[in-house]
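Enquirer: Chain by chain, the residues run as shown.
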Amino acid sequence: MFHTQDGTVHAVNGISFYLEEGELLSVVGESGSGKSVTMMSLLKLLPIPPAEIVAGTVEFDGKNLLELDPEELRQIRGGDIGFIFQDPMTSLNPVFNVGFQIMEPLQEHLGLSKKEARKRAIELLELVGIPGAADRLNDYPHQFSGGMRQRVMIAIALACDPKILIADEPTTALDVTIQAQIIELVKKLRQKLGMAIVWITHDLGVAAGISDRIMVMYAGFVVEHAKVKDLYKRPLHPYTRALLATLPTEDDEGEDRLKSISGLPPSLYEYPTACPFAPRCEFAFERCQKENPLLMEMGDGHQVACWWDVEKGEPR
Amino acid sequence: MTKHDQVLVKADNVKVHFPIHKGIFRKQVGSVKAVDGLTFEIRKGETLGLVGESGCGKSTAGRAMLRLYELTEGQLDFEGVDIASLDPHALRDMRPRMQMIFQDPQACLNPRMTVGSIIAEPLDEHTNMSTAEKREKVKTLLDAVGMNRDYVNRYPHEFSGGQRQRIGIARALALDPDFIVCDEPIAALDVSIQAQVVNLLQDIQERMGLTYLFISHDLSMVRHIADRVAVMYLGKIVELAEKRDLYKTPKHPYTQALLSAVPVPDPDIEAKREHIVLKGDVPSPANPPKGCNFCTRCPIAIDKCRTEEPELRELKTGQFVACHLAE
Chain D
89 MFHTQDGTVH AVNGISFYLE EGELLSVVGE SGSGKSVTMM SLLKLLPIPP
139 AEIVAGTVEF DGKNLLELDP EELRQIRGGD IGFIFQDPMT SLNPVFNVGF
189 QIMEPLQEHL GLSKKEARKR AIELLELVGI PGAADRLNDY PHQFSGGMRQ
239 RVMIAIALAC DPKILIADEP TTALDVTIQA QIIELVKKLR QKLGMAIVWI
289 THDLGVAAGI SDRIMVMYAG FVVEHAKVKD LYKRPLHPYT RALLATLPTE
339 DDEGEDRLKS ISGLPPSLYE YPTACPFAPR CEFAFERCQK ENPLLMEMGD
389 GHQVACWWDV EKGEPR
Chain H
29 MTKHDQVLVK ADNVKVHFPI HKGIFRKQVG SVKAVDGLTF EIRKGETLGL
79 VGESGCGKST AGRAMLRLYE LTEGQLDFEG VDIASLDPHA LRDMRPRMQM
129 IFQDPQACLN PRMTVGSIIA EPLDEHTNMS TAEKREKVKT LLDAVGMNRD
179 YVNRYPHEFS GGQRQRIGIA RALALDPDFI VCDEPIAALD VSIQAQVVNL
229 LQDIQERMGL TYLFISHDLS MVRHIADRVA VMYLGKIVEL AEKRDLYKTP
279 KHPYTQALLS AVPVPDPDIE AKREHIVLKG DVPSPANPPK GCNFCTRCPI
329 AIDKCRTEEP ELRELKTGQF VACHLAE
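If you read the protein sequences in the order shown, they are chains D and H. Residue numbers for the first sequence follow the numbering used here, beginning at 89 and rising by one. Residue numbers for the second sequence follow the numbering used here, beginning at 29 and rising by one.
Hints may be right or wrong, so weigh each one.
[As the list claims (entries may be wrong)] DSS-like, lysine-lysine: derived pairs with alpha carbons at most 27 Å apart:
hint, chain 1, residue 1, chain 2, residue 2
1, D, Lys315, H, Lys300
2, H, Lys307, D, Lys317
3, D, Lys276, H, Lys300
4, D, Lys251, D, Lys315
5, D, Lys275, H, Lys307
6, H, Lys276, D, Lys347
The hints are simulated quantities; they were obtained by calculation from the structure and are not laboratory data. Because the structure is a prediction, the values reported are computed rather than measured.
Construct the complete structure from the given sequences, taking the supplied hints into account.
Expert: Quick look at the structure:
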């Protein structure tokens, strides 16, 4: 929750998920659906106050991250769990050169000497495909292009061999051809290093290409959670279906209008007592106005939070 | 596809260069060739899609079409009138016929003006309507873009991104234009809202017989809305064709790479697809490579590409390609 002057914003409401070793989980949703807040709260990266983590546990390797003291948490941030942010320009420090920024976590977390750290930094830059790595260590972020900066960010996140990499919309600010380069790079790195990845995106196309599992979020709730193939073949939540339907298709000739979702996402100031998607949902019926559905298991790990069975066309 | 055969806008070798000044005397040392020789025509009632990566000059091209930038070189015909050399007064009389919708609906609306006065501003400037007439016109415009008439006295910050974009569209429609340049009108919006705005643009086009230049980096949206598509790279058009030809049989290696880089929301197709991943970045438009602009990243470049600049030539009816090797 965020306590603001206008009241309390319920950004994320009771989300449970797991991440297996070496797996890629995508979190998909529109802006304001709480996908970034969820991931940042795992590491307490949100300013407290106004933010407050009201309830819940985050277990990582058997430890509850939310109960660790700041020093222990610092060890994990950037050490075991790496973070890539959306905008590489604002997340790199413009007054330090790139080499310093890559070497910093190496010296802090792994206790390497300056010389060793420098060697490792060069390796990392080569790993993420920056040509002339040794010469570019002394360059500043503004001397890199957008795609190259994102590569530097990835190098920093990978510096200490993290077990988990959290990527918050890493390709949103980039052009399609550069996006393709970064996705290719992440796929390759994953094979090589075998870490688990959480990939936050709003692009269902990107998610289709890289994920093992997908979680769809809406207004702070997970509304559907499934393996990639199940989600695209058999979307069960009306929101997921509508999202997929709004995208223009491969053989679109522009004759038909796009399907659109009418209305706007709800305000998050009140804790919802009804299904948050109900006002925009074409299947909404009485029960949706009274009770907020929780995630229900549909078999084979496919979970959906909806009172309506879209396949049978009747209430559950 | 000869639905539209009357030419509305014709660009002939349009160039927009921005000078770079350096040193104590601000001597001009070079120029950024943002738009470097565009030649194309837009026909009445059609939508021409203009796609490319950021920095390729597509927004500059769009603005140049309305002469919001002075052209460095070239001719710009708007229904037979060369607006590139028109004097300011005559140009001002042309303005009502060509309008623009901007990318960022937050930045293009004055936060201190009400919705009503934002939409009425073009009417104040270009017509002699009475206050009552203007009020009536604003209301019909709000109806046209699917917004509540009671919103006239509200301010832009009270609206969401999609609604703000509708206000921007209503303003562009105020003077019943013939030609609208849409500069990335959906880039700042969420997926579910994008579809609403695109549908609105198409509805209005049908109703009012508008001609659009639709600038976007979203290839799948352009495929949906455009009739013909032009692909830009580093200030030049590399390929221009009917939508179907361009997406089914792209001829230029850049178009091919661009199309293959667009992710498809289907895991089965994604798993099987061959991606052409281009190496490197777009070169600086201040210092474009010799020969073909694309030769530094092109997977099939030959020696000729590095020395000789390819002309935009018609490969088959309506499909123009600027590549030595395309067949």
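Enquirer: Each hint: holds or not?
Expert: Evaluated hints:
no. : hint                : result
1   : D:Lys315 - H:Lys300 : holds (18 Å)
2   : H:Lys307 - D:Lys317 : violated (30 Å)
3   : D:Lys276 - H:Lys300 : holds (17 Å)
4   : D:Lys251 - D:Lys315 : holds (21 Å)
5   : D:Lys275 - H:Lys307 : holds (16 Å)
6   : H:Lys276 - D:Lys347 : holds (24 Å)
In this structure, the one hint that does not hold is number 2.
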